[in-house]
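The task is to assemble the complex, starting from two chains supplied on their own in separate frames and drawing on the hints.
Chains A and B supply the protein sequences, listed in that same order. For reference, each letter of the first sequence is one residue, going 164 to 418 in the numbering used here. For reference, each letter of the second sequence is one residue, going 27 to 287 in the numbering used here.
Since the hints were made in silico from the structure, they are not lab data. Heads up, some of the hints might be wrong.
What the hints assert, rightly or not - When the alpha-carbon atoms are kept at most 27 Å apart in a straight line, the in silico BS3-like pairs for lysine-lysine are as follows:
(1) B:K104 - A:K302
(2) B:K104 - B:K207
(3) A:K337 - A:K349
(4) B:K260 - A:K302
(5) B:K260 - B:K54
(6) B:K29 - B:K207
(7) B:K105 - B:K29
(8) B:K252 - B:K54
(9) B:K78 - B:K97
(10) B:K252 - B:K204
(11) B:K134 - A:K207
(12) B:K105 - A:K302
(13) A:K302 - B:K78
(14) B:K52 - B:K78
(15) A:K207 - B:K78
(16) A:K215 - A:K302
(17) B:K54 - B:K255
(18) B:K105 - B:K207
(19) B:K207 - B:K260
(20) B:K207 - B:K141
(21) B:K52 - B:K104
(22) A:K302 - B:K97
(23) A:K302 - B:K98
(24) B:K278 - B:K52
Unchecked claim - With beta-carbon atoms standing in for the labels, derived distance ranges:
(25) B:R96 - A:E385: 21 to 31 Å
(26) A:L333 - B:T133: 54 to 64 Å
(27) B:H132 - A:K215: 25 to 35 Å
(28) B:G61 - A:S393: 41 to 51 Å
(29) B:G193 - A:I222: 41 to 51 Å
(30) B:L159 - A:F192: 34 to 44 Å
(31) A:M164 - B:D39: 21 to 31 Å
(32) A:Q179 - B:K54: 40 to 50 Å
(33) A:V206 - B:H45: 49 to 59 Å
(34) A:S169 - B:A247: 28 to 38 Å
(35) B:D181 - A:L218: 39 to 49 Å
Only a predicted model underlies this, so the values are computations on that prediction, with no experimental measurement involved. Where a beta carbon is used, it is the ideal one built from N, C-alpha and C, also for glycine.
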Amino acid sequence: MQIAASIGRSTLNRFQILGRSTIFLFVAFFQAFLPPLRFSRFVKEVEFIGSKSFLIVFITALFTGMVLGIQGYYSLRQFGAEAVLGVMVALSIIRELGPVLCALMVTGRAGSAITAQIGIMKITDQLPALEMMAIDPIKYVISPKIIAGIISLPLLTAFFDLVGIAGGYLVGVKLLGVNEGAYIGKMVTAITFEDIYGGILKSFCFGILITWISAFIGFTAEPTTEGVSSATTNTVVVTSLSILVLDYILTSLLL
Amino acid sequence: MIKVDNLVKKYGDVAASNHLNCHFEKGKITVILGGSGSGKSTLLRQVVGLEKPDSGAVYFDGMDITIMHRKKLYEIRKKMGMLFQGSALFNYLNIYENIAFPLHEHTKIADSVIKTIVTMKLEMVGLRGTEHLMPSQLSGGMTKRVGLARAIVMDPEIIFYDEPTSGLDPISTGVIDKLIKDLNRALNITSVVVSHDIESCFRIADNIIILFFGEIIAMGAAEEIKNSKDLRVKQFINGEPEGPIPFTRTDKNYLDEILFY
Chain A
164 MQIAASIGRS TLNRFQILGR STIFLFVAFF QAFLPPLRFS RFVKEVEFIG SKSFLIVFIT
224 ALFTGMVLGI QGYYSLRQFG AEAVLGVMVA LSIIRELGPV LCALMVTGRA GSAITAQIGI
284 MKITDQLPAL EMMAIDPIKY VISPKIIAGI ISLPLLTAFF DLVGIAGGYL VGVKLLGVNE
344 GAYIGKMVTA ITFEDIYGGI LKSFCFGILI TWISAFIGFT AEPTTEGVSS ATTNTVVVTS
404 LSILVLDYIL TSLLL
Chain B
27 MIKVDNLVKK YGDVAASNHL NCHFEKGKIT VILGGSGSGK STLLRQVVGL EKPDSGAVYF
87 DGMDITIMHR KKLYEIRKKM GMLFQGSALF NYLNIYENIA FPLHEHTKIA DSVIKTIVTM
147 KLEMVGLRGT EHLMPSQLSG GMTKRVGLAR AIVMDPEIIF YDEPTSGLDP ISTGVIDKLI
207 KDLNRALNIT SVVVSHDIES CFRIADNIII LFFGEIIAMG AAEEIKNSKD LRVKQFINGE
267 PEGPIPFTRT DKNYLDEILF Y
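Here chain B stands alone, though its shape is the one from the complex (with noise of 0.2 Å):
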């Protein structure tokens, strides 16, 4: 469905994506994983064409998105819904109005039939009655709950979630992981997932990809990520501190940093 290749992206000397070859299958969820800074949200925001890439491409179904024209990415964002990892609702709207915007504002279906629509979209995520409320009077769960139902309601065949799990409780999480799951297999929607949380990530993932340092260290299905015997992803998803994966950023040796400055 989408096809990553060789995509490269750089903040000044720091390589953010460094020639990126990855696919992400129809139908399927894939997790990409990777530390705070491994660039994996930047490579998410290259693949929705939030941000331009240096070099490489996007292929959504075939078509470049990083070169194509405006008009026609928007055509193409009205099949992708994405759940921001602020949620990202609008705070002068209320959670109808919210989850009622994009159909306002791209369909001219009827006032009452939004209605069903969003009653129908805020039940699936377990939150009707709701509607009246503003975002700020919602809790963290409930508003990637929220943020969730309005990402699907123009039904989209792809869902992009940025950390959806991260600065939640538990429950939160599990109830949010159930319903990236339910809604791939109940409408069979692709679903890309940025993740930290090594948990939540077995629990969903079809497939799995890594990231380090703006490089993919591994991809692959979520069987074979869990039994690799590579030891940088071992660490990574046994979450040791000591292994390949260096916990400092600093080439410079640290006893000459303290001993010579």
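Chain A with its partners taken away, still in its complex shape (with noise of 0.2 Å):
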């Protein structure tokens, strides 16, 4: 009997949050567009979510093109089919890593942050004031994040892109000598608008999921230390997690 009441709160409880944090989602998604817009915040966001995880997003991108030119070599070598190293690196790099590694590099660099300074706003009772001087807290606080997340990600994946394929370039081509008309040719032809579309929809989503889940745990913290320590690791748990959870769903439905 206890074990069935137990499970049964238990499950209540995670339909619970995750009831709320749809809410949560929508109602800050929504509050964006409404007066008073608030475009300065919007443009800090973006420049924290998107500008300061250029560096990170291009390291990640350009060895993940230059192992990707190492790999592809020596397999496609066996085959003799060095010729389409551009397509299997760009074809790999755009339809998932690039949205996949760019969400994974900026949940652990913007993600935990957000969490963070959304929960020490709440411990230093920073949310409250802001309520207490008629400001709502979700509108000012996470409706500019959210936003930014939308319009960074898909920036961002689209840097990740072009730095990977440029950094299997210069393996392939450069180090490894695989035909440079060939690297390109073969790739701007395999390539279809599907590919593209299909990996920035992904990070498009990514983009969402991010913010949602960071600001969410951020705003949920227990107002304590270890409850916002503990939450700043769980968003960079559950994020990453559902980051890869929702590339599968997301490319099934694509193909």
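Right, here's the structure in full:
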């Protein structure tokens, strides 16, 4: 009896969190478009989530592309198909690695910071203070972050794709001697618009997912030091796993 | 001005507010006294609408804020100022931006005028010249004063203070007390102060409410409370360890617990 009750309780709890977080997302999203619009807040968040992630995305993309270049070269050479190296690198990056790795890096850098920031605002009464100044904390703090995530992630992913392909080119063409024309030319003919569209759509969804989960976990964190530190860890774990699961779902839907 | 009507709030089995009835007079300083865990902060948070009571009502100028629509509540909040225990300054804004924040958000006042207003408020709390500093660069007493400057920047009708003097040295306490009193006398601002600092309480209070485990055990003018014959009130204001208010919280007998555990 007791076991059944506790299973029931924890299930209800989980559904409650799911419901609350969904409402949270919708409120935050639609509040962003209601006046007063806070354009400067939004620009600041794009700077924080997007432009400050450039370096980390650049390095990740470069090395991912370079590794793909080497690995692809040695696998493809066994079939004498080095010429399609460009296609292989570009397809794996544009369709899969770009959006996913980019999202994971942004989670680690910006997602955890968002949770910590909101959690600390909660501990130090800054959220109630906003409320007392007749300013909706969700609209003021959360909405700009969610919109910034939606804008930043696709842009970062596009940048990732570009750098990744360049990384593959660097290793494949310059180092291992794949024909330059084949690398670029075959890539251009083989990649369709659907590939790019799929990748960008994924990054779009990841953008919402990252800011949504990290803001919600921060917002509902227990207002203690331990509460915020465990919330930060939770954000990274939950968001990263959700990204991988959502990636599978989106991939299977898109194909 | 504010009337609290039969307010009940429970956390689990513990009643933080147990059928509270009280009111805060216009133009007066009312101090809510109580030990830690007596439910005074909970009462304050319900009065300003940060927390919803389980039952009961809080009337602000005759309107019940516990069932009020958010938009209306925000309108009323513009007439309220609040100084939080930890000052709650925005750590990513400097002192000037912190104080100017409500003005920037709610009014269309020109920047040059805002600058004048901020300078005036900072002068009131004696911190002119700190505009460019960040909150982390100030001491505890100074952040409280900046918090106070921010709370009064919209010229509220009523200010709520959540433990304004806790954790401050005697001089800072004196400064804050004087500020609370001056604001009340000069601008006729109604003030509600949550505190456990008896000395500071008697320096500023017109009316006093004493809370004990979620219940009001005494309420009245400061003089009345001072001369109260009630043993619990006497124990509290004299800070006596022995008396009708027990120090321990459990009903279990101490001897029973250590001998027959």
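Against the structure, the hints come out as follows:
1. This hinted pair checks out: B:K104 and A:K302 have alpha carbons roughly 17 Å apart, not beyond 27 Å.
2. Straight-line distance between C-alpha atoms of B:K104 and B:K207 comes to about 21 Å, which keeps the hinted pair within the 27 Å bound.
3. Taken as a hint, the A:K337 and A:K349 pair is honoured in the structure, with Cα atoms around 17 Å apart against an allowance of 27 Å.
4. Our distance criterion of 27 Å between C-alpha atoms is broken by B:K260 and A:K302, whose separation comes to about 48 Å.
5. Of the pairs offered as hints, the one joining B:K260 and B:K54 holds, with about 24 Å between alpha carbons and a cut-off of 27 Å not exceeded.
6. In summary, the hint linking B:K29 to B:K207 is supported, as the alpha carbons are separated by about 22 Å, within the 27 Å threshold.
7. Using a Cα cut-off of 27 Å, the hinted pair B:K105 and B:K29 holds, with the two alpha carbons roughly 16 Å apart.
8. Straight-line distance between C-alpha atoms of B:K252 and B:K54 comes to about 17 Å, which keeps the hinted pair within the 27 Å bound.
9. Of the pairs offered as hints, the one joining B:K78 and B:K97 holds, with about 16 Å between alpha carbons and a cut-off of 27 Å not exceeded.
10. The hinted pair formed by B:K252 and B:K204 meets the criterion: a straight-line CA distance of about 20 Å does not exceed 27 Å.
11. For the hint pairing B:K134 with A:K207, the CA-to-CA distance comes to about 22 Å; that is within 27 Å, so the pair holds.
12. Distance restraint check for B:K105 and A:K302: the Cα-Cα separation of roughly 21 Å lies within the 27 Å cut-off, and the hinted pair is therefore satisfied.
13. Note on A:K302 and B:K78: the hinted pairing holds, with a Cα-Cα distance of about 21 Å set against a maximum of 27 Å.
14. For the hint pairing B:K52 with B:K78, the CA-to-CA distance comes to about 23 Å; that is within 27 Å, so the pair holds.
15. With a CA separation close to 33 Å, the supplied pair A:K207 and B:K78 exceeds the 27 Å bound.
16. In summary, the hint linking A:K215 to A:K302 is supported, as the alpha carbons are separated by about 23 Å, within the 27 Å threshold.
17. Proposed proximity of B:K54 and B:K255 is supported: the alpha carbons are some 24 Å apart, at most 27 Å.
18. Restraint check for B:K105 and B:K207: satisfied, since their Cα atoms lie roughly 19 Å apart, inside the 27 Å limit.
19. With a C-alpha separation of about 25 Å, the suggested pairing of B:K207 with B:K260 holds against the 27 Å cut-off.
20. The straight-line distance between the Cα atoms of B:K207 and B:K141 is roughly 25 Å, inside the 27 Å bound, and the hint therefore holds.
21. Of the pairs offered as hints, the one joining B:K52 and B:K104 holds, with about 17 Å between alpha carbons and a cut-off of 27 Å not exceeded.
22. The straight-line distance between the Cα atoms of A:K302 and B:K97 is roughly 14 Å, inside the 27 Å bound, and the hint therefore holds.
23. Pair hint A:K302 plus B:K98 holds up; C-alpha atoms about 17 Å apart against a cutoff of 27 Å.
24. Between B:K278 and B:K52 the alpha-carbon distance is near 44 Å, which puts this suggested pair outside the 27 Å criterion.
25. In this structure the supplied range 21 to 31 Å holds for B:R96 paired with A:E385, their Cβ-Cβ distance being about 25 Å.
26. At about 56 Å, the CB distance of A:L333 to B:T133 agrees with the hint of 54 to 64 Å.
27. With their beta carbons about 31 Å apart, B:H132 and A:K215 fall inside the hinted range of 25 to 35 Å.
28. At about 30 Å, the beta-carbon gap between B:G61 and A:S393 misses the expected band of 41 to 51 Å.
29. As the Cβ distance of B:G193 to A:I222 is approximately 45 Å, the hint placing it in 41 to 51 Å holds.
30. Checked against the hint of 34 to 44 Å, the pair B:L159 and A:F192 passes, with Cβ atoms roughly 36 Å apart.
31. Evaluation of the 21 to 31 Å hint for A:M164 and B:D39 yields a pass: the beta carbon distance comes to about 23 Å.
32. In this structure, A:Q179 and B:K54 meet the distance hint of 40 to 50 Å, their C-beta atoms being roughly 43 Å apart.
33. The beta-carbon spacing between A:V206 and B:H45, approximately 50 Å, falls within the hinted interval of 49 to 59 Å.
34. Between A:S169 and B:A247, the C-beta spacing of about 53 Å breaks the proposed range 28 to 38 Å.
35. Judged by the Cβ atoms, the range 39 to 49 Å given for B:D181 and A:L218 holds: they are separated by roughly 47 Å.
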